[in-house]
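Asks: Here's the letter readout for the chains.
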Amino acid sequence: MSEFLKKNGTRSVLATIISILVGLIAGSILILIVGLSSSEIGLSGAWEGIRLILAGTFSTGRSASGALSFGFNPQIIGNMLFRAVPLILCGLSVALAYKTGLFNIGASGQYLAGTCATLYVALSIPAGILPQFVVWILAFLAGVLAGALWGAIPGLLKAYLNINEVLACIMTNWIAANLVTWMFDISNLKNMVEGTKTGYIYKTTYGLVNLDGAWTYKDGLGVATPKLGLNKIFPGSQANAGILIAIVIAVAVYIILTKTTFGYELKACGANRHAARYAGIKDKRSIVLSMAIAGALAGSAAALYYLSGNTELYWSVYQKLPAEGFNGIAVAMLASCNPIACIFTGLFMSAIDLHGLQLANLTAYNEYITDVIIAVIVYLSAFSLLIKTWLSGRKKTAAPKPAKENKANPGKGVAE
Amino acid sequence: MSFLISKTLIYAVPLMIVALAGVFAERSGVINLALEGIMIFGAFIGALTINLMQKANTFQIIDVAKDMGANWGKLQAFLLLVMLITAVAGAVFSLLLAFAAINLKADQTIGGTALNMLSPALVCFFIRLIAQQSELRMFKGDAASWFMVKKTMLGFEKSQDIGFLGETFLNKVYLTTYICIILFVLLSIFLYKTRFGLRLRACGENPQAAASLGINVFKMRYSGVIISGALAGMGGFVYTLTTANCVANGDVAGFGFLALAVMIFGNWKPLSIAGAALLFGFFKCIAASYSTLDINGDGIALLLNLSKHPTWGKILNPHLYRLIPYVISLLVLAFTSKKSRAPKAEGIPYDKGMR
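Chains as they are written, first to last, in this note's numbering: chain A, 15 to 430; chain B, 37 to 391.
No wet-lab data here; the hints were simulated from the structure.
Be careful, since some hints might not be right.
Only pairs whose alpha carbons sit at most 25 Å apart, straight line, appear in this in silico DSS-like list of lysine-lysine [unchecked claim]:
1) B:Lys255 / B:Lys380
2) B:Lys229 / B:Lys187
3) B:Lys110 / B:Lys187
4) A:Lys281 / A:Lys296
5) B:Lys305 / B:Lys374
6) B:Lys229 / B:Lys380
7) B:Lys141 / B:Lys380
8) B:Lys375 / A:Lys298
9) B:Lys305 / B:Lys380
10) A:Lys232 / A:Lys204
11) A:Lys296 / B:Lys110
12) A:Lys281 / B:Lys141
13) B:Lys374 / A:Lys298
14) B:Lys344 / A:Lys204
15) A:Lys296 / A:Lys273
16) B:Lys380 / A:Lys298
17) B:Lys102 / B:Lys186
18) A:Lys21 / A:Lys273
19) B:Lys344 / A:Lys21
20) B:Lys141 / B:Lys388
21) B:Lys255 / B:Lys141
Owing to the predicted nature of the structure, the values given are computational and were not obtained by experimental measurement.
Produce the entire structure from the sequences given, and follow the hints as far as they go.
Replies: As structure tokens, this is what we get:
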């Protein structure tokens, strides 16, 4: 048992569980305080809120008597699988960068770059010219490529000019937000067909067709990620093959990082850039490639999210950076930057997100409580190393000296 | 022109004061990435305070405001009080960063990011509960003009010409602008000309050496972060009051990050920061008010016409002006990275044993 506790992996999992528990408890306490201080909500309302935060995935709404009912809810579980896709991939993006000694706070910007390229390609190719799956693949690759290019910018700045990647990422985030807004503002992709909604881009299910000499968009002629029967298992949900693609990518990242020379070079460069160069590794190339791959992962997150065909983009993105990028940090930190663990923490994050929505639907609370929980979890992960040390410190006899993590300290020193 | 200058000043001032907030933290050796989050928190507390005081009619504020012309001094005093409250709120919020970074030796970048996530989440959560909508207004009705200083209040006639400088700096301005400028100057002197300032900076350069001379690094770093939080919280409130229509909505449109850029652009030095803030404020001003901006005073909004131009309009539109500050700071970083002088020990948790 003590051997088991001594293992680094075990301690990581325990630290994660502690972080999650503290986050959930903090959220519950907040709900309780608000409930008790409000005469409308009261203790019973607070108790309902806490139950939804903890088990909203299995909420089936309210029964006839008004009490909360719980059970298997295929719609929520399906939506959880769908929403987990961008979270897992953004988490992988942050995790891969972190493993190679870089803090990728720019996943949001890379995600936006991917969004822009994917939608441009998917909506600009006239329907019927190419087979649908070819259009899908082209659009996906465009998103990946755009993300990679956007990620490569901070990588290049870091490698060749020694500019801290955190700062460069923050700048490129906001540049992307404004640039993408601009690109959509001057585009023809703004949804004009559904007159009730303004400010949205067409879903990818819309296809470009030439009607009587004028180009217009028609629903149902575009592309969408195949459902692969997941809509049968989870009726009424948005689940599609994206989750399978995300899992495949996560496994691929794991294999690249742990089983290939290339991955080893990337990690070595992150651990100590100068030592790596001494050993004959091209450190500059490694840094640029790390950031580019991280960007590609964030770009693929956007591509899969918007190619689903059931999500539309509010194109004035300059007002707020997409949350996926920052939640990706939470996913990666919770997973201790292990690519396989990112799948599970991504699913967890997605579930927590849906719990918040259920909370907003069914009670007087609102969904921002989940953001509070996620933020608390990230805050705790900032000193997860401390938690890990503390965990092993309790077993003083078994492990007198906790194995020092030989990890680089990414993000250390803004503009070194 | 007068409009352009006073508007630029209004945008530049929150940037300036928040950038100085960054300087205080980083000079003491702690990276304060949470500036954005602290600003959001300060803005919320400011809006909430005014909102609640108005509801409860504290200090008979509503009756006082009825005769704004005569009582403007009292209203400005009220504004000062709110500024102070937001500063305290910001300082308290920044304790979370200080605790993680100094006591727990946590990764400061992740800690700051966490606070940037926590603050909007908390603020949005409470705004929804309090206001039942996505934003919290400071004032009911037309009270938004409570804090604006107009020339009529200073004893001038409405039609009186008070000259170019008077129109620019005395009419339709906010007291906060001048308070922030004065604070900026005083704190810069404080940082460079006092013993405390020198010690603070020493902790950001070589904490071990500072400690060997009997300076308490923990205390210094706490002071740095707390001053930083106070300034950023106040800056958030000033931003909301002067540029965001007095509305707190859990967002300051990346101003905190822009301030971080200003700080680096200014090479962690107050004078350069003031210049950088004016430059960035200028672009912010153009992006925000390009449609009404009449630069040469001939009654034509030049930039609006440009943005409607069939070919140039696609390029010369507000998106470009919003983009420029970030591109410039990235370029400046690229070209000055060799000369850039960040505090040496920033981001590194203080460890007594590492001499």
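Asks: For the pair supplied as a hint, Lys344 of chain B and Lys21 of chain A, is the alpha-carbon distance within the 25 Å limit?
Replies: violated (65 Å)
Asks: Does Lys204 of chain A lie within 25 Å of Lys232 of chain A when you go C-alpha to C-alpha?
Replies: holds (13 Å)
Asks: Given the hinted pair Lys21 of chain A and Lys273 of chain A, is their alpha-carbon gap at most 25 Å?
Replies: holds (20 Å)
Asks: Can you confirm whether the C-alpha distance between Lys296 of chain A and Lys273 of chain A stays at or below 25 Å?
Replies: holds (19 Å)
Asks: Can the restraint linking Lys229 of chain B and Lys187 of chain B be considered satisfied, given a maximum Cα separation of 25 Å?
Replies: Measuring from Cα to Cα gives roughly 37 Å; hence the hint is violated.
Asks: Next pair to validate is Lys110 of chain B with Lys187 of chain B; report whether the Cα-Cα distance is within 25 Å.
Replies: holds (17 Å)
Asks: Between Lys281 of chain A and Lys141 of chain B, does the CA-CA distance stay at or below 25 Å?
Replies: holds (24 Å)
Asks: Mind checking the alpha carbons of Lys375 of chain B and Lys298 of chain A for me, to see if they're no more than 25 Å apart?
Replies: holds (21 Å)
Asks: With the threshold set at 25 Å, check whether the alpha-carbon distance from Lys281 of chain A to Lys296 of chain A stays at or below it.
Replies: holds (12 Å)
Asks: Checking one constraint from the list: CA of Lys374 of chain B to CA of Lys298 of chain A, max 25 Å. Satisfied?
Replies: Measuring from Cα to Cα gives roughly 17 Å; hence the hint holds.
Asks: Between Lys380 of chain B and Lys298 of chain A, is the straight-line Cα distance small enough, at 25 Å or below?
Replies: holds (23 Å)
Asks: Does Lys380 of chain B lie within 25 Å of Lys141 of chain B when you go C-alpha to C-alpha?
Replies: Holds: Lys141 of chain B and Lys380 of chain B sit about 17 Å apart, inside 25 Å.
In terms of the numbered hints stated before, the structure departs from hints 2, 11, 19, listed from lowest to highest.
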